[in-house]
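Colleague: Spelled out, the chains give:
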Amino acid sequence: MAEMVLSQVANGLVLGFLYVLLAIGLSIICGLLGIVNFAHGALFALGAYFAIALSTQFGWGAVVLAPLLVAAVGVLIEVVFIRRLYGKEPLLSLIVTFALSLLITALTRLIWGAGGLPFSPPEALSGFLVYGPLLITKYRLFVLAATVAILVALWAFMNYTPYGRILRAGSRDPEMAGLLGINLPRVLTGAFALGALLAGAAGLLAAPLLTVTPGMATAAVMPAFVIVTIGGLGSFAGAVVAGLLVGVVTALAVQFFPEGSSVAMYVLMALVLLVRPRGLFGERWERFE
Amino acid sequence: MTEQHNQDSDLSATDASTPDEPQRSGLSRRAWLATAGKALAGGAAVLAAPAFVRAQGEQPLNLGLLMAKQGVWTEQGEVIANGVKLALDQAGNQARGRRVNLLWYDEPNPQSAQQNMQKLVEQDKAIAVIGGTNSGTSLAMSSVAMRTKTPYIAPNAAARELTGSSCNPYTFRVLSPTPVTCRALAPSLLAIGKKWHFLVANYAYGQDIQRSMSDLLKQSGGTIVGADVTPLNTTDFSSFILKIRQSKPDVVLLGLPGGDLSTFLKQYAEMGMKGQIPVACPIIGDSDLWSINVDAATGYYGKPWHFSSPGLSPEELAFIKQYTAKYGKPPADKAWIGWFTTRTLLKAVNEAKSTSGADIVQSLETVQMGDSSGPAYFRPWDHQMLRRWTVFKVKNHITDKWDWLNQVSVVPQNTADLDRLYGTRQEIGCTMAAR
Numbered sequence: 000m001a002e003m004v005l006s007q008v009a010n011g012l013v014l015g016f017l018y019v020l021l022a023i024g025l026s027i028i029c030g031l032l033g034i035v036n037f038a039h040g041a042l043f044a045l046g047a048y049f050a051i052a053l054s055t056q057f058g059w060g061a062v063v064l065a066p067l068l069v070a071a072v073g074v075l076i077e078v079v080f081i082r083r084l085y086g087k088e089p090l091l092s093l094i095v096t097f098a099l100s101l102l103i104t105a106l107t108r109l110i111w112g113a114g115g116l117p118f119s120p121p122e123a124l125s126g127f128l129v130y131g132p133l134l135i136t137k138y139r140l141f142v143l144a145a146t147v148a149i150l151v152a153l154w155a156f157m158n159y160t161p162y163g164r165i166l167r168a169g170s171r172d173p174e175m176a177g178l179l180g181i182n183l184p185r186v187l188t189g190a191f192a193l194g195a196l197l198a199g200a201a202g203l204l205a206a207p208l209l210t211v212t213p214g215m216a217t218a219a220v221m222p223a224f225v226i227v228t229i230g231g232l233g234s235f236a237g238a239v240v241a242g243l244l245v246g247v248v249t250a251l252a253v254q255f256f257p258e259g260s261s262v263a264m265y266v267l268m269a270l271v272l273l274v275r276p277r278g279l280f281g282e283r284w285e286r287f288e
Numbered sequence: 000m001t002e003q004h005n006q007d008s009d010l011s012a013t014d015a016s017t018p019d020e021p022q023r024s025g026l027s028r029r030a031w032l033a034t035a036g037k038a039l040a041g042g043a044a045v046l047a048a049p050a051f052v053r054a055q056g057e058q059p060l061n062l063g064l065l066m067a068k069q070g071v072w073t074e075q076g077e078v079i080a081n082g083v084k085l086a087l088d089q090a091g092n093q094a095r096g097r098r099v100n101l102l103w104y105d106e107p108n109p110q111s112a113q114q115n116m117q118k119l120v121e122q123d124k125a126i127a128v129i130g131g132t133n134s135g136t137s138l139a140m141s142s143v144a145m146r147t148k149t150p151y152i153a154p155n156a157a158a159r160e161l162t163g164s165s166c167n168p169y170t171f172r173v174l175s176p177t178p179v180t181c182r183a184l185a186p187s188l189l190a191i192g193k194k195w196h197f198l199v200a201n202y203a204y205g206q207d208i209q210r211s212m213s214d215l216l217k218q219s220g221g222t223i224v225g226a227d228v229t230p231l232n233t234t235d236f237s238s239f240i241l242k243i244r245q246s247k248p249d250v251v252l253l254g255l256p257g258g259d260l261s262t263f264l265k266q267y268a269e270m271g272m273k274g275q276i277p278v279a280c281p282i283i284g285d286s287d288l289w290s291i292n293v294d295a296a297t298g299y300y301g302k303p304w305h306f307s308s309p310g311l312s313p314e315e316l317a318f319i320k321q322y323t324a325k326y327g328k329p330p331a332d333k334a335w336i337g338w339f340t341t342r343t344l345l346k347a348v349n350e351a352k353s354t355s356g357a358d359i360v361q362s363l364e365t366v367q368m369g370d371s372s373g374p375a376y377f378r379p380w381d382h383q384m385l386r387r388w389t390v391f392k393v394k395n396h397i398t399d400k401w402d403w404l405n406q407v408s409v410v411p412q413n414t415a416d417l418d419r420l421y422g423t424r425q426e427i428g429c430t431m432a433a434r
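Chains as they are written, first to last, in numbering that gives the first Met the number 0: chain A, 0 to 288; chain B, 0 to 434.
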């Protein structure tokens with residue numbers, strides 16, 4: 000039994016990294032722009048579809064362009080819709096992004112059809128490793144490594160580049176940033192594009208694991224929201240810890256109480272919110288108080 | 000229409016105006032009004048047409064179709080509708096010498112399915128309705144059929160109640176119910192081994208499979224070494240697959256609907272389990288296989304029909320040819336079921352005494368639709384279509400882009416056993432209300 004628990008925990012941790020990647024983009028958009036982006040799942044699905052389209056057209060190497068294309072879509076969305084929502088009621092951004100999500104999903108269906116598209120990991124990454132009770136597939140290990148790399152890059156970008164500092168400053172105090180001569184609208188467009196880029200990257204990495212259908216948007220977005228809530232809005236560390244927690248809790252629920260495995264993360268969220276309403280790593284932010 | 004009149008008005012504006020002409024805008028407005036007037040008159044003529052036709056006593060017959068246009072069932076709805084439309088095209092969109100109109104509405108959930116069916120019956124005067132990608136909406140439509148006395152055929156519902164405890168005189172069902180598909184599949188699996196691990200989705204369909212299959216397994220002295228219930232729309236099965244790996248069964252018996260089945264197979268192969276322990280599911284759709292890579296496909300599955308089965312009839316071959324030409328891939332089982340259901344309904348409508356609900360129902364009870372698989376007809380006392388069921392195994396080496404399956408068995412071997420395969424009156428538990 001102990002072996003089985005160990006094997007489930009390891010599996011849950013690996014799955015957790017995929018969740019982290021999903022949640023981090025959502026967390027950035029929420030934290031920096033104050034927008035609850037319901038279209039995050041649709042952008043995630045778009046990343047998967049772009050990856051498939053690129054790989055069939057230009058071969059495996061081209062898939063790295065998929066997140067960039069999603070970021071471009073993000074820029075378009077920000078300029079046309081999201082820009083009008085800053086500082087407005089949160090409910091408004093919820094409704095607009097929800098509509099956007101439906102629109103993007105419908106367009107995906109129109110272009111690529113309602114059925115699933117086949118997509119497998121490249122030859123070099125297929126196969127699995129067994130260490131005693133642990134079984135981990137090479138592709139999941141790759142996802143783990145890629146997620147860690149993305150997180151490190153993101154952290155460095157936010158803390159050690161002027162652009163990252165401007166982003167954080169602008170989101171804390173837009174007025175002061177404007178007075179200092181920073182072109183804020185462009186900064187905010189960049190922040191949304193960054194969130195979209197991360198959603199696209201998650202979609203690209205998840206495509207070989209999940210079934211790629213227009214419906215994957217909805218399935219993906221719920222865990223992401225739960226993780227952002229548990230971790231605390233806008234917190235990197237929070238998203239990472241919460242993502243891994245949700246992965247492990249779900250895996251253990253499958254082992255001991257399979258019927259409840261889909262509810263497990265919501266129970267976790269409820270417990271965390273009871274003890275700490277702003278989430279595990281949530282800071283006191285002026286704009287949310 | 001709008002584009003047309005814009006073009007026209009632009010043309011007249013350039014024709015009639017010079018730069019210094021003061022009346023330019025007036026002229027163009029007049030031109031616009033003239034075009035709009037023409038358009039309106041044209042529209043009126045179109046609107047008036049049905050009345051004209053009606054006067055000649057050739058009012059078209061309206062056929063209702065309720066298939067998903069959104070949500071998780073969209074693909075199935077689309078493919079079934081493709082089959083329905085092709086059958087109507089082949090019939091020249093005619094029945095009883097009258098034109099047939101197909102009206103297709105959505106069925107996003109049971110409530111809306113009922114509302115849309117009501118609309119089809121009351122507002123559009125549909126003489127019969129084909130509908131339901133799944134058991135939930137089909138059961139909902141079935142009660143409207145009874146209340147409004149409208150002949151209703153469920154092509155794609157597997158829940159046993161539809162022609163069992165919830166049966167009614169106006170409801171017919173084409174797909175074989177879950178217990179039948181389980182009885183058909185079980186012998187092939189028992190031949191492999193008698194230690195089974197169950198993995199079923201947490202709703203009626205999955206539970207029905209678990210119930211039927213565990214009965215069959217126990218009857219033949221087998222044991223259940225593991226049984227897990229998965230939430231519907233599970234995106235990651237890896238933790239469940241680890242449990243299968245741990246329980247070391249001879250067979251993994253799945254009760255997963257389309258999308259979940261694809262995801263499971265993909266991850267089963269990813270975790271190196273394909274080829275280690277055989278998997279099986281009583282029903283699979285071609286689309287479920289086509290949405291994963293060839294190298295992930297494996298297992299034993301049941302299907303009502305397959306486009307490459309031996310001995311297909313000339314009608315079936317013509318259907319395959321026309322469908323492939325139109326959609327660029329061979330017809331999936333769902334396309335066939337839409338096509339077959341529509342042909343059945345059209346034949347019954349043609350043979351009925353009148354287009355009244357009662358007469359069409361009576362005709363459906365006697366219509367014979369025998370095809371390459373043998374006889375096919377609705378059993379009068381429960382309105383379940385009796386037709387042979389086929390079990391397939393995924394090929395070891397797939398070479399064709401679309402054809403991944405080898406036929407294992409056609410059940411029952413002897414068509415005289417059809418009635419027994421589909422269950423006795425006592426097992427079915429259908430008490431038909433008065434029509």
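Keep in mind that the hints are not guaranteed to be accurate.
Unchecked claim - Calculated lysine-lysine pairs in the DSSO-like style (CA-CA distance at most 27 angstroms, straight line):
#: 1; chain 1: A; residue 1: K137; chain 2: B; residue 2: K193
#: 2; chain 1: B; residue 1: K247; chain 2: A; residue 2: K137
#: 3; chain 1: B; residue 1: K194; chain 2: B; residue 2: K394
#: 4; chain 1: B; residue 1: K392; chain 2: B; residue 2: K273
#: 5; chain 1: B; residue 1: K148; chain 2: B; residue 2: K352
#: 6; chain 1: A; residue 1: K137; chain 2: B; residue 2: K273
#: 7; chain 1: B; residue 1: K247; chain 2: B; residue 2: K84
#: 8; chain 1: B; residue 1: K118; chain 2: B; residue 2: K352
#: 9; chain 1: B; residue 1: K352; chain 2: B; residue 2: K325
Hints in this document: simulated from the structure, not taken from any laboratory.
Colleague: Confirm or reject each hint.
Modeller: Tested hints:
Straight-line distance between C-alpha atoms of K137(A) and K193(B) comes to about 33 angstroms, which puts the hinted pair past the 27 angstroms bound. The hinted pair formed by K247(B) and K137(A) meets the criterion: a straight-line CA distance of about 23 angstroms does not exceed 27 angstroms. A threshold of 27 angstroms between alpha carbons decides the hint, and for K194(B) with K394(B) the separation of about 24 angstroms falls inside it, so the pair holds. For the proposed pair K392(B) and K273(B), the alpha carbon gap of about 13 angstroms is at most 27 angstroms, so the pair holds.
A distance of roughly 16 angstroms separates the Cα atoms of K148(B) and K352(B); the hinted pair therefore holds under the 27 angstroms criterion. Restraint check for K137(A) and K273(B): the C-alpha separation of about 16 angstroms stays at or below 27 angstroms, so the hint holds. Of the supplied pair hints, the one linking K247(B) and K84(B) is violated, its CA atoms being roughly 47 angstroms apart against a limit of 27 angstroms. With a CA separation close to 25 angstroms, the supplied pair K118(B) and K352(B) stays within the 27 angstroms bound.
In summary, the hint linking K352(B) to K325(B) is not supported, as the alpha carbons are separated by about 35 angstroms, beyond the 27 angstroms threshold.
Hint check: violations occur at hints 1, 7, 9; the rest are consistent with the structure.
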